[in-house]
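Engineer: Work the whole structure out from these sequences, hints included.
Heads up: the sequence shown runs through residues 59 to 699, numbered per the working numbering.
These are calculated hints, taken from the structure and not from any lab test.
One thing to keep in mind: the hints can contain errors.
Under the rule of at most 20 Å between Cα atoms (straight-line distance), these lysine to aspartate or glutamate pairs were calculated in the EDC-like manner [said to hold, decoys possible]:
hint, residue 1, residue 2
1, 161, 146
2, 391, 97
3, 441, 352
4, 289, 233
5, 73, 325
Taking CB as the label site, the calculated pair distances span [stated by the list, open to error]:
hint, residue 1, residue 2, range
6, 99, 521, 41 to 47 Å
7, 174, 685, 43 to 49 Å
8, 240, 68, 21 to 27 Å
9, 114, 648, 18 to 24 Å
10, 114, 659, 34 to 40 Å
11, 681, 472, 51 to 57 Å
12, 543, 133, 33 to 39 Å
13, 486, 521, 23 to 29 Å
14, 205, 429, 31 to 37 Å
15, 436, 199, 41 to 47 Å
16, 544, 426, 57 to 63 Å
17, 442, 605, 37 to 43 Å
18, 671, 205, 39 to 45 Å
Positions of the beta carbon are idealized from the N, C-alpha and C atoms, including for glycine.
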Amino acid sequence: MGEQKVSKISNIKSKQAFLKSLLDDVSSLSYMLDNGWFETGKVRIGAEQEMVLVDNKSYKPKLNAMEILDNMSEYKWLETELAKFNLEINLDPREFKGKCFSKLEKETWTKLQKIQKKVKKMGTSVALTGILPTLVKTDLDLKNLTPKKRYFALMESINQQLIGSAYELRISGIDELLIKHDSPLLEACNTSFQVHLQVDPDDFVQYYNIAQALAGPTMSIAANSPIVFGKRLWHESRIAMFQQALDTRSTHEHMRERSPRVHFGNDWLQESILEIYTEDIAQFRPLICPDIAESSKDLIHEGKVPKLTALQVHNSTVYRWNRPCYGISDNGKPHLRIENRVLSSGPTVVDEVANACFWIGAMKGMVQEYGDIRKHLSFDDVKDNFAKAAQFGIDTTFNWIGDKKVSACKLILKELIPLARKGLESSNISKADIDKYLGIITSRAKKHINGARWQLRAYSALCEETTKDEALTVLTHAIIENQRNNKPVHLWKAPKLTDLKEYKPSNLKVSEFMDTHLITVHKDDIIDLALNLFEWKEISYIPVEEKGKINGLLSSKQVLRYLKNNKSKKVISVGDVMIKNPAVLTPETTILEAMKMLKKHKVGCLPVVSKDELIGVITEKHFMNITNRLMERLQIEIGQK
Numbered sequence: 059m060g061e062q063k064v065s066k067i068s069n070i071k072s073k074q075a076f077l078k079s080l081l082d083d084v085s086s087l088s089y090m091l092d093n094g095w096f097e098t099g100k101v102r103i104g105a106e107q108e109m110v111l112v113d114n115k116s117y118k119p120k121l122n123a124m125e126i127l128d129n130m131s132e133y134k135w136l137e138t139e140l141a142k143f144n145l146e147i148n149l150d151p152r153e154f155k156g157k158c159f160s161k162l163e164k165e166t167w168t169k170l171q172k173i174q175k176k177v178k179k180m181g182t183s184v185a186l187t188g189i190l191p192t193l194v195k196t197d198l199d200l201k202n203l204t205p206k207k208r209y210f211a212l213m214e215s216i217n218q219q220l221i222g223s224a225y226e227l228r229i230s231g232i233d234e235l236l237i238k239h240d241s242p243l244l245e246a247c248n249t250s251f252q253v254h255l256q257v258d259p260d261d262f263v264q265y266y267n268i269a270q271a272l273a274g275p276t277m278s279i280a281a282n283s284p285i286v287f288g289k290r291l292w293h294e295s296r297i298a299m300f301q302q303a304l305d306t307r308s309t310h311e312h313m314r315e316r317s318p319r320v321h322f323g324n325d326w327l328q329e330s331i332l333e334i335y336t337e338d339i340a341q342f343r344p345l346i347c348p349d350i351a352e353s354s355k356d357l358i359h360e361g362k363v364p365k366l367t368a369l370q371v372h373n374s375t376v377y378r379w380n381r382p383c384y385g386i387s388d389n390g391k392p393h394l395r396i397e398n399r400v401l402s403s404g405p406t407v408v409d410e411v412a413n414a415c416f417w418i419g420a421m422k423g424m425v426q427e428y429g430d431i432r433k434h435l436s437f438d439d440v441k442d443n444f445a446k447a448a449q450f451g452i453d454t455t456f457n458w459i460g461d462k463k464v465s466a467c468k469l470i471l472k473e474l475i476p477l478a479r480k481g482l483e484s485s486n487i488s489k490a491d492i493d494k495y496l497g498i499i500t501s502r503a504k505k506h507i508n509g510a511r512w513q514l515r516a517y518s519a520l521c522e523e524t525t526k527d528e529a530l531t532v533l534t535h536a537i538i539e540n541q542r543n544n545k546p547v548h549l550w551k552a553p554k555l556t557d558l559k560e561y562k563p564s565n566l567k568v569s570e571f572m573d574t575h576l577i578t579v580h581k582d583d584i585i586d587l588a589l590n591l592f593e594w595k596e597i598s599y600i601p602v603e604e605k606g607k608i609n610g611l612l613s614s615k616q617v618l619r620y621l622k623n624n625k626s627k628k629v630i631s632v633g634d635v636m637i638k639n640p641a642v643l644t645p646e647t648t649i650l651e652a653m654k655m656l657k658k659h660k661v662g663c664l665p666v667v668s669k670d671e672l673i674g675v676i677t678e679k680h681f682m683n684i685t686n687r688l689m690e691r692l693q694i695e696i697g698q699k
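Structural biologist: Printed below as a string of structure tokens:
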């Protein structure tokens, strides 16, 4: 997450001072570029590994990141992330040559194993996936924010820029997600494997534009975040989740355009990296400011390389999917990098390194083959490719060079893998590394499988056999077990319910297993409508609502009893028969508490209400399904003994 010694911009004076430092940094960067201060002729790669902490019994997020860091304080490469259930590894930069990718895999695997060994004693596992399947909305409450000054300042500053009354999530895939949230902590849903490529300043424009052109195809083969809050959405739902989590805009009657803080870009880069920095300063207000102990202009005058702290802090709060980065090498010279933020965490370490190898190799190969990509592709097509790949992943059809429409798998197999191989060979990458990692990408494309497609298939199949919560739990268990073997995702088998030996839903919350697709009536509807709904939908209870608020509850038995005893010929309305002021549950009610409520009130259904709004129902059927599954598990355990 970058510079930690930052604070909220609290007054006009601090804002003006930060803006002055920001403009000075841009001027200093321009001077260094014009006068050849940058390191050239060196190509390095690097990466950052984000992860989710998961409880070993429930497979839900585990909020113990700070405890883990306290127990691993000797490892300076391990850092916090936004939420208490996230951590991040900073991996060593290394020269782009020889066995750099297998060394990257070994380092990532070794560091993850050190973490896993430590967290196992705390009842925790590490999971690598773009969005954890068992994550629920309540996990993203601000109380779960990592207790660091930077994060509090960032959340508060983003909230202050919110134009509407809440953050809105609107994503449609197989299912649909339409919710509001009161915090930008939704950003913590997303975990990624961020890959860095160092490039010479004179080559930056060419490489950055090709990185943009490759964003869609790379994401299509690497997608790994299709499930959010139990909903099957985009193949790479991180893209929409991240943008909407930090989107402070609101709908208006006018047509004024405002850019989201998370974005792909609006045009090709033309002249230099400075265009990105100046555009982001023009478009986005500063959120936080660092403690700046140096003047970049003064250091330039002294012939010293500045850190450009203000520019780096502002750059860290504008989330381009291909982000420009400035750094200082060990030799004291500044350098430029392109950071690929498109790639999800997981499915395994070897998959992640294969994605990195493919992306960097394809970058090198396309530079050699096409040079200036602007002559071959329109930016509109590239931006459209990115949006489609986020939604459809490996099933995408791309707009490509020569005005072709080509499927993701065909494009990767016929064009991009040969280019990647050419680019890697010309950079003297080990043949064993090239064959291993491009072989994984080739197998994915030939089998038409990646992390997202595997998760969607597995989850849909599991949901046909059990409840959503158990399906998500089994799915998460399978992901973690496969990662421990570091077996690439195209070799993973479909998970079975019996793979997870224990499933204990006693602490399950109502929000995690209630029905949200509701059939309701109004109190002034005629009772005949309700009778037909009971028959058509094969249900026994119907909530009565008015403008989203619960008014009553209708029971089929109660209606039939009323009609049997009532001989009047007058029209009977729902309001005449309904249970007035029914007992209700909240989303935070546990399954055991809900069962006690059903028994206490002698009903087979209870509405679930949040802030006076009807959001779901719990029925006896839910408990029957859970009980049946537990009985089946018990029988299996007895049989195994």
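Engineer: Are the hints correct? Go through all of them and say.
Structural biologist: Now the hints, each set against the structure:
With a CA separation close to 19 Å, the supplied pair residue 161 and residue 146 stays within the 20 Å bound. For the proposed pair residue 391 and residue 97, the alpha carbon gap of about 6 Å is at most 20 Å, so the pair holds. Among the hinted pairs, residue 441 with residue 352 is inconsistent with the structure: their alpha-carbon atoms are about 39 Å apart, more than 20 Å. Of the supplied pair hints, the one linking residue 289 and residue 233 holds, its CA atoms being roughly 6 Å apart against a limit of 20 Å.
Under the criterion of a C-alpha separation no larger than 20 Å, the hint pairing residue 73 with residue 325 is inconsistent with the structure, at around 29 Å. About 54 Å separates the C-beta atoms of residue 99 and residue 521, a value inconsistent with the hinted range of 41 to 47 Å. Between residue 174 and residue 685 the Cβ separation comes to about 34 Å, which falls outside the hinted range of 43 to 49 Å. Restraint check, residue 240 to residue 68: a C-beta distance of roughly 22 Å satisfies the suggested window 21 to 27 Å.
Our hint of 18 to 24 Å for residue 114 and residue 648 holds, since their Cβ atoms are close to 20 Å apart. At about 36 Å, the CB distance of residue 114 to residue 659 agrees with the hint of 34 to 40 Å. Checked against the hint of 51 to 57 Å, the pair residue 681 and residue 472 passes, with Cβ atoms roughly 53 Å apart. Restraint check, residue 543 to residue 133: a C-beta distance of roughly 24 Å breaks the suggested window 33 to 39 Å.
For the pair residue 486 and residue 521, the beta carbons lie near 49 Å from each other, so the given range of 23 to 29 Å is not met. A hinted range of 31 to 37 Å for the beta carbons of residue 205 and residue 429 is inconsistent with their spacing of about 49 Å. A C-beta distance of roughly 43 Å is found between residue 436 and residue 199, which places it inside the suggested range of 41 to 47 Å. The supplied range of 57 to 63 Å is broken by residue 544 and residue 426, whose beta-carbon atoms lie about 32 Å from each other.
A beta carbon spacing of about 39 Å between residue 442 and residue 605 agrees with the range 37 to 43 Å that was offered as a hint. For the hinted restraint 39 to 45 Å between residue 671 and residue 205, the CB-CB distance of approximately 31 Å leaves it violated.
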